[in-house]
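Read top to bottom, the protein sequences are chains A and B.
Counted from 1, the first sequence has number 188 at position 61 by the working numbering; the numbering is strictly sequential.
Counted from 1, the second sequence has number 192 at position 112 by the working numbering; the numbering is strictly sequential.
I should point out that these hints are in silico values taken from the structure, not numbers from a laboratory.
All figures in this text were calculated on a predicted structure; none of them were measured in a lab.
Please note that the accuracy of each hint is not assured.
[What the hints assert, rightly or not] Looking from chain A toward chain B, a few residues come up when the C-beta cut is under 8 Å (computed):
(1) S153
(2) K220
(3) F223
Yeah, the Cβ is synthetic: ideal placement off N, Cα and C, and Gly gets one too.
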Amino acid sequence: GIQVEQSPPDLILQEGANSTLRCNFSDSVNNLQWFHQNPWGQLINLFYIPSGTKQNGRLSATTVATERYSLLYISSSQTTDSGVYFCAPRREKLTFGTGTRLTIIP
Amino acid sequence: GAGVSQSPSNKVTEKGKDVELRCDPISGHTALYWYRQSLGQGLEFLIYFQGNSAPDKSGLPSDRFSAERTGGSVSTLTIQRTQQEDSAVYLCASSLGGGAIYEQYFGPGTRLTVT
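Go ahead and model the full structure; you've got the sequences and the hints to work with.
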């Protein structure tokens, strides 16, 4: 199956800072989703982005499928952004990375 | 509209007992997935239902695990003779269709603790 690597594994930032989370995957994919798992464990859909760039408020994502990576940008971080961010590319099945744990300090 | 719902939210059971976990997908979604999230293994696929097709059971870790989907809607994941390594959060997801182009939406999960 697809191997998925996310970096960094942990990130601690001051409120208001910007960040870039990276997802590398080992094979061509048909689909890629980014999720935010909040402190209560709920997986929240952020982006469905098999290729190209999308923006939603302070968040944006870019997937370069030919180079097998995706990036999630978070600008002007807020404490509510804390949690674990997962990318999940899909070839046949959705395969999750190990996540980036983001902690935003007030 | 309503999202994916799961019940119970928490379940504590004794080793050796059977448990049933329930998932109600988003109305109109034909595809339903079960995943498991545990500390050692991360988020892993268990089983996938699409319409009336035979389910993809390739992720089930042992024959103690089974799942069914009645009427193309509600699904039940059953774990027989539970073991301590079954302790995890069990997540259900649904999507409008079964192909890779469809976005999956997750429920809040059932936290299973086997004592």
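Evaluated hints:
| no. | hint | result |
| --- | --- | --- |
| 1 | S153 | 16 Å, violated |
| 2 | K220 | 5 Å, holds |
| 3 | F223 | 4 Å, holds |
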